[in-house]
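Here the structure of chain P is known, so what remains is to put chain S in place on it, guided by the hints.
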Amino acid sequence: MTHYLVVYNRTLGQAEVTAFDGEASADDALRARFAAESQVLGADYEVATLAADSIDDLKVTHARFFRGPETIIHELTRS
Amino acid sequence: MSGVPVYLPARYSANAVKRLGVELARDEVLSPNAQVLYEEFISDAQARVTAVQGQLESDRPLYAAVVPRSRSLEVAGRTKTRRTLSDKLRRTPGEKLPSIHDVAGVRLVAELTLLEQDLLSDMIVQSFANHPLATRQPKVIDRRKEPQHGYRALHIVVYLHGRPVEIQLRTHWQHSWAQLMELIGDRWGREPRYGFRIIHNDAQEAARRQKVVDVLQMISPLLQSLEEGTSVMGLMHLKPSAVVASRLGVSVTDLERLAARIQVDDREVEMLTQQTQALFAELGELIGADPHVEGAYSGESEGRQ
Numbered sequence: 001m002t003h004y005l006v007v008y009n010r011t012l013g014q015a016e017v018t019a020f021d022g023e024a025s026a027d028d029a030l031r032a033r034f035a036a037e038s039q040v041l042g043a044d045y046e047v048a049t050l051a052a053d054s055i056d057d058l059k060v061t062h063a064r065f066f067r068g069p070e071t072i073i074h075e076l077t078r079s
Numbered sequence: 080m081s082g083v084p085v086y087l088p089a090r091y092s093a094n095a096v097k098r099l100g101v102e103l104a105r106d107e108v109l110s111p112n113a114q115v116l117y118e119e120f121i122s123d124a125q126a127r128v129t130a131v132q133g134q135l136e137s138d139r140p141l142y143a144a145v146v147p148r149s150r151s152l153e154v155a156g157r158t159k160t161r162r163t164l165s166d167k168l169r170r171t172p173g174e175k176l177p178s179i180h181d182v183a184g185v186r187l188v189a190e191l192t193l194l195e196q197d198l199l200s201d202m203i204v205q206s207f208a209n210h211p212l213a214t215r216q217p218k219v220i221d222r223r224k225e226p227q228h229g230y231r232a233l234h235i236v237v238y239l240h241g242r243p244v245e246i247q248l249r250t251h252w253q254h255s256w257a258q259l260m261e262l263i264g265d266r267w268g269r270e271p272r273y274g275f276r277i278i279h280n281d282a283q284e285a286a287r288r289q290k291v292v293d294v295l296q297m298i299s300p301l302l303q304s305l306e307e308g309t310s311v312m313g314l315m316h317l318k319p320s321a322v323v324a325s326r327l328g329v330s331v332t333d334l335e336r337l338a339a340r341i342q343v344d345d346r347e348v349e350m351l352t353q354q355t356q357a358l359f360a361e362l363g364e365l366i367g368a369d370p371h372v373e374g375a376y377s378g379e380s381e382g383r384q
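Top to bottom, those sequences are chains P and S.
The opening position of the first sequence corresponds to residue 1 in my numbering, with each subsequent residue numbered one higher.
The opening position of the second sequence corresponds to residue 80 in my numbering, with each subsequent residue numbered one higher.
A hint or two may mislead.
To be verified - Restraint ranges, calculated between C-beta atoms of paired labels, are given here:
(1) P:Asp53 with S:Lys224: 51 to 61 Å
(2) P:Ala24 with S:His228: 36 to 46 Å
(3) S:Val108 with P:Arg31: 11 to 21 Å
These are calculated hints, taken from the structure and not from any lab test.
None of these values were measured; they are calculated from a predicted model.
Glycine is no exception: its CB is placed at the ideal position from the N, C-alpha and C atoms.
Excised from the complex, chain S in its bound form:
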């Protein structure tokens, strides 16, 4: 895909979308007019996802030139499901549908250090700041610096014709943690994702489930330390270049000297790795104690049209 803009926004008013949000929050069958608007609203979001994925795809050679490991980026776009839209609007009644910025989203996941993640983020920001359809500067939300109840990632909100698309850029560690929290939310309710305690009628079961959440929360800062401790190793995967030097605020010459002198404290990394692995093992045992989910994930079926 050449990255040529093809996205034309649907025409509807912010007030009409606000009214749609009120209906979606009720989680009932939509009125005929609201259903038409809902389908237009989601189709418009899908068109933005397609446009952003196209741009990212055409930029991949540029990313790979600076961050070679970005060749293994896994990419998927999605529009927010009606279930999660309704849940979000009910959970935060003050939030209106037009202000939800992740109705259109693209997720990128790769084995990256924090430095490589920063470099990729810079390039994505630059690409969408100069995009012919951009009407606002991209906004970077760094959830590594300010984790959200343990959730860590880099989010880049880009705007096409004034409408947002949230690009989630995650390392493997950040992504695995996020997937585990989402799965716990699927199974036991989404309260922990927003900093609330697990709810269950049986106090003993509530305590067991909360323990799982607590252990997962303990893992998040360990992963942060592990990623920060090994980030300097990212230089080993990068060619000293002007882009990398600029990101680090040093000259290319200094960067070459720095890269040649890298010595990672293996003991520190080893200790953090062992602590993290021990907590993951504890988490596995705690979750494994849930009898009703055994084998539930064998149910995937796949068709093709």
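So that you can see chain P by itself, here it is in the shape it has in the complex:
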């Protein structure tokens, strides 16, 4: 299981993702989350910690961090 820190700008739809591996990955990701939250980022920002087998899983389960509505609609109308 890999843990991820996602710093996401809601308005711009931009996500910065950092992956944490190893036994302490959950603690490491949480420490990074609390540190990021202590910075004044503004109301547009969300700081999230997520756990998944791979980034590909996250790109499905939390698609909004990675793809805009245009892309999702394009995929739906193509299928």
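Only chain S this time, still in chain P's reference frame:
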């Protein structure tokens, strides 16, 4: 992971968490004591997420035996972000932090019919009802029967040492709809997610954005009909078994006969599919008219530590 319980809850009082909720709702820098409690509160939620993901992982062979397509389940756990916690506490002042049941959450997404979704839900409920750390029966919230402003999914709230974890189980259609609504919320404000109209100073722009929301709302019942219309096709992906027969309230023999006689009305499904696709295309055109977001989603960067 063996599913052996490793989660031990942090010790703090409900009153202390209530006071933390008051501070979080202010959306200001937390006092030092509140910050310590906040980190403990989120770390505790993370430990529950880890425990639930471990159990789900160890149960996967059981799920696959009944619902073969669950092999393609995408799974991710998360703790609620501070931003969404603060927003929720401000939006509903009567709601106290200890009563928010989705601070810890796990999301499962797969290509499933409604029947397969029900079968998976039954197995998850059973697993967590018998979990060694369970202190309460899991609670199923069926947002397919009672959609929340168009949002459809199955939520199963499970309890470890009395503390909740919300498992969201979604089909691809349900998930795509939910992601679109969340993205609209990110971009234009979360009012539509809670049944309110879009707010914007420019009346023309407000009307255009509201049209997007209205079209998305129209798609939700169409997807429901499409999923209900094709759910019987789920039998084609399932082996007639005692579990499936029990879910449908028929004998295995009847189920085998039923599965052999399945005839889906292709015209009905085709018509619903065309209507849905047309609305998605309209939605795409409406959203595409927003000039300031073009190319904004190329900004992802990924690091590894």
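Against the structure, the hints:
1. P:Asp53 with S:Lys224: 51 to 61 Å: violated (31 Å)
2. P:Ala24 with S:His228: 36 to 46 Å: Hint holds: Cβ distance 40 Å, inside 36 to 46 Å.
3. S:Val108 with P:Arg31: 11 to 21 Å: Taking Cβ atoms as reference, valine 108 (chain S) and arginine 31 (chain P) lie about 18 Å apart, which means the hint holds.
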